[in-house]
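Engineer: Letter by letter, the chains look like this.
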Amino acid sequence: MGEGSVPPLIEQLVKRYAQDVYRYAYRLTGSAADAEDLTQETFLAAVKNIHQLANPESARSWLFTIARNQFLVRHRRGRGTVVRPLGDQAEEIMVLESGDSDEVDGELIQNALNALSDEQRVILLMFYFEEASYREIAEQLGIPIGTVMSRLSRAKEALRKKVLAATRQDSDL
Amino acid sequence: MDWDPKDIPDWQLLECLRPHEGSPKDPFMEELQRRIAAHPELASVWRELQQQDVELARLLQTVPPRLGLEERIISRLGTELRIATPSGSDDATTPDNVQPGWVGDGARALAGDQLHAKRQISRRVWIAAGVSAICASVLGGVGLWLWRRRRRTGPPSPVEIANEVARIFEQTLDEFGTGQPVSSHPPPAHARFSREIRLYLGSTITWRQATVASNRAVVFDITQPSGERGSLFVLTLNLPDFPSFPPYFPQLQTSRTSLGWWRESDIAYLLAVLGGPRVYQRFLKPPSPIT
Numbered sequence: 528m529g530e531g532s533v534p535p536l537i538e539q540l541v542k543r544y545a546q547d548v549y550r551y552a553y554r555l556t557g558s559a560a561d562a563e564d565l566t567q568e569t570f571l572a573a574v575k576n577i578h579q580l581a582n583p584e585s586a587r588s589w590l591f592t593i594a595r596n597q598f599l600v601r602h603r604r605g606r607g608t609v610v611r612p613l614g615d616q617a618e619e620i621m622v623l624e625s626g627d628s629d630e631v632d633g634e635l636i637q638n639a640l641n642a643l644s645d646e647q648r649v650i651l652l653m654f655y656f657e658e659a660s661y662r663e664i665a666e667q668l669g670i671p672i673g674t675v676m677s678r679l680s681r682a683k684e685a686l687r688k689k690v691l692a693a694t695r696q697d698s699d700l
Numbered sequence: 163m164d165w166d167p168k169d170i171p172d173w174q175l176l177e178c179l180r181p182h183e184g185s186p187k188d189p190f191m192e193e194l195q196r197r198i199a200a201h202p203e204l205a206s207v208w209r210e211l212q213q214q215d216v217e218l219a220r221l222l223q224t225v226p227p228r229l230g231l232e233e234r235i236i237s238r239l240g241t242e243l244r245i246a247t248p249s250g251s252d253d254a255t256t257p258d259n260v261q262p263g264w265v266g267d268g269a270r271a272l273a274g275d276q277l278h279a280k281r282q283i284s285r286r287v288w289i290a291a292g293v294s295a296i297c298a299s300v301l302g303g304v305g306l307w308l309w310r311r312r313r314r315t316g317p318p319s320p321v322e323i324a325n326e327v328a329r330i331f332e333q334t335l336d337e338f339g340t341g342q343p344v345s346s347h348p349p350p351a352h353a354r355f356s357r358e359i360r361l362y363l364g365s366t367i368t369w370r371q372a373t374v375a376s377n378r379a380v381v382f383d384i385t386q387p388s389g390e391r392g393s394l395f396v397l398t399l400n401l402p403d404f405p406s407f408p409p410y411f412p413q414l415q416t417s418r419t420s421l422g423w424w425r426e427s428d429i430a431y432l433l434a435v436l437g438g439p440r441v442y443q444r445f446l447k448p449p450s451p452i453t
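So the sequence lines, in the order shown, correspond to chains E and D. The end of the first sequence is residue 700 by my numbering, with every number in the run present. The end of the second sequence is residue 453 by my numbering, with every number in the run present.
Honestly, the hints are just simulated from the structure, not real lab data. Heads up, some of the hints might be wrong.
Facing chain D, from chain E, some residues (calculated, C-beta under 8 angstroms) [stated by the list, open to error]: (1) 570; (2) 672; (3) 677.
Only pairs whose alpha carbons sit at most 20 angstroms apart, straight line, appear in this in silico DMTMM-like list of lysine to aspartate or glutamate [as the list claims (entries may be wrong)]: (4) E:688 with E:646; (5) E:542 with D:217; (6) E:688 with D:215; (7) E:688 with D:217; (8) D:187 with D:169; (9) D:168 with D:188; (10) E:575 with D:233; (11) E:688 with D:210; (12) D:447 with D:426; (13) E:542 with D:242; (14) D:187 with D:172; (15) D:187 with E:564; (16) E:688 with D:336; (17) E:542 with D:322; (18) E:688 with E:645; (19) E:542 with E:568; (20) D:168 with D:203; (21) E:542 with E:564; (22) E:542 with E:584; (23) E:689 with E:645; (24) E:575 with D:232; (25) E:689 with D:215; (26) E:689 with E:646; (27) E:575 with E:564; (28) E:689 with D:217; (29) D:187 with E:663; (30) E:689 with E:634; (31) E:542 with D:232; (32) E:688 with E:634; (33) D:168 with D:193; (34) E:575 with D:426; (35) E:575 with E:634; (36) E:689 with D:210; (37) D:447 with D:336.
Computed from a predicted structure; not experimentally measured. By construction, the Cβ of each residue, glycine as well, lies at the ideal position given by its N, Cα and C atoms.
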């Protein structure tokens with residue numbers, strides 16, 4: 528598998544954080560295949576720039592930052608990571624037949640996320656996934672605090688409405 | 163541009179501020195506390211939003227794990243590191259907020275090691291060239307012997323093959339069903355279709371070729387009348403670790419794919435289907451009753 532040539536620190540990072548980065552990437556991209564691509568690209572970029580990791584304990588948020596930037600760069604270049612409408616996800620939803628309610632809720636929330644703009648999705652994941660404060664979001668995205676507050680509150684409201692609507696629709700069936 | 167907290171509407175402050183973070187002296191937090199003091203009903207709205215946030219965060223972080231992900235990343239990193247040139251690093255993808263001087267102790271040790279290793283490379287190359295010029299024939303012989311021995315004694319494990327098949331299956335979905343129709347263009351004779359696959363009236367099968375773990379494989383793309391899709395990967399390879407009949411439950415699952423493997427004499431089969439265990443089971447003949 529070629530594992531011998533990977534430095535031990537990198538191997539540790541992969542083993543410890545790959546699934547975390549994948550979860551984050553899955554919520555960003557909306558598909559398992561794209562999320563895996565993004566996760567792999569994130570670790571490739573991390574290896575190339577490992578000297579920039581100040582403190583191994585902050586590796587998780589550092590990796591999230593790389594993943595987020597990779598995602599935004601991809602979108603600006605207009606390649607890959609197309610968020611698909613619900614119809615195209617029918618096959619993935621079939622997997623949920625066996626009925627873990629968390630997974631079903633997870634799909635509901637993913638559909639709601641997919642309906643948001645990239646900027647809204649990124650800001651929401653920074654808030655919920657990275658638990659970043661409004662101030663940290665502003666610093667990392669390089670936008671004014673007031674803009675963060677406006678975008679974040681609108682994105683949260685939109686997400687909540689869509690999740691609630693989907694939940695109601697689901698319970699009506 | 164600096165924002166005056168007084169300009170921020172109530173609902174934005176309530177949505178964006180968490181009680182536990184930041185300093186109480188934060189001007190936005192001070193402003194929110196002032197408004198709550200003036201309108202105590204805001205406190206309960208804030209509490210409710212916090213509870214909803216906890217639940218939304220939990221839902222967002224609930225994603226099924228991706229099986230075999232770590233192995234695939236390490237494998238790819240190993241490949242990339244082997245072929246990488248020693249010059250320069252690609253900063254285009256680094257976090258925008260990373261400072262050039264932001265180098266910590268843990269990473270510095272590794273970065274130092276890597277720099278040292280690069281300096282050693284040219285010296286090692288000269289030494290290696292000299293040694294290999296003297297010993298080329300001996301090393302060549304030993305290498306050939308080791309390579310043959312490895313080929314004989316180290317077949318890839320079922321999980322390695324299955325992970326690669328899952329990856330190929332998901333990455334080549336665009337090519338699904340674009341191969342040769344089995345009815346008009348028969349596949350190579352060595353790639354026998356498995357007798358364990360269940361076909362229905364109206365099932366369509368095409369075949370194409372692929373490379374799995376450095377072995378040529380024939381891939382049968384099967385579309386069932388229901389629209390369910392699956393690919394049967396056929397490898398002419400003796401893999402004793404494979405079971406001699408298809409497992410009723412998939413041995414590997416990703417969020418999109420279910421996969422099982424077995425062998426029939428010296429042919430290895432891997433069935434990858436788009437969907438969960440029930441879809442996978444519909445691609446297999448029902449197990450025979452035990453007599």
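Engineer: If a hint holds in the structure, say so; if it doesn't, say that too.
Structural biologist: Status of each hint after checking the structure:
1. 570: Result: holds, 5 angstroms to nearest chain D Cβ.
2. 672: With Cβ-Cβ at 5 angstroms, under 8 angstroms, it holds.
3. 677: holds, 6 angstroms
4. E:688 with E:646: holds, 18 angstroms
5. E:542 with D:217: violated, 27 angstroms
6. E:688 with D:215: holds, 13 angstroms
7. E:688 with D:217: holds, 14 angstroms
8. D:187 with D:169: Status holds; Cα separation ~18 angstroms.
9. D:168 with D:188: It holds: about 13 angstroms lies between the C-alpha atoms, which stays within 20 angstroms.
10. E:575 with D:233: Roughly 19 angstroms separates the two Cα atoms, so the pair holds.
11. E:688 with D:210: Within the cut-off at roughly 15 angstroms; holds.
12. D:447 with D:426: Holds. Residue 447 of chain D to residue 426 of chain D sits at ~15 angstroms (cutoff 20 angstroms).
13. E:542 with D:242: With a Cα-Cα distance of about 18 angstroms, the restraint between residue 542 of chain E and residue 242 of chain D holds, given a limit of 20 angstroms.
14. D:187 with D:172: holds, 18 angstroms
15. D:187 with E:564: violated, 43 angstroms
16. E:688 with D:336: violated, 35 angstroms
17. E:542 with D:322: holds, 17 angstroms
18. E:688 with E:645: holds, 18 angstroms
19. E:542 with E:568: Within the cut-off at roughly 15 angstroms; holds.
20. D:168 with D:203: holds, 19 angstroms
21. E:542 with E:564: holds, 17 angstroms
22. E:542 with E:584: With a Cα-Cα distance of about 14 angstroms, the restraint between residue 542 of chain E and residue 584 of chain E holds, given a limit of 20 angstroms.
23. E:689 with E:645: Roughly 16 angstroms separates the two Cα atoms, so the pair holds.
24. E:575 with D:232: Roughly 18 angstroms separates the two Cα atoms, so the pair holds.
25. E:689 with D:215: holds, 15 angstroms
26. E:689 with E:646: Holds, because 17 angstroms separates the two Cα atoms, which is no more than 20 angstroms.
27. E:575 with E:564: holds, 17 angstroms
28. E:689 with D:217: holds, 15 angstroms
29. D:187 with E:663: Cα-Cα ~16 angstroms, so holds.
30. E:689 with E:634: holds, 12 angstroms
31. E:542 with D:232: holds, 6 angstroms
32. E:688 with E:634: holds, 15 angstroms
33. D:168 with D:193: At roughly 7 angstroms apart (the allowed maximum being 20 angstroms), residue 193 of chain D and residue 168 of chain D satisfy the hint.
34. E:575 with D:426: violated, 45 angstroms
35. E:575 with E:634: Outside the cut-off at roughly 34 angstroms; violated.
36. E:689 with D:210: Distance of about 18 angstroms is within 20 angstroms: holds.
37. D:447 with D:336: violated, 27 angstroms
The structure does not agree with the numbered hints 5, 15, 16, 34, 35 and 37 stated previously, though it agrees with the rest.
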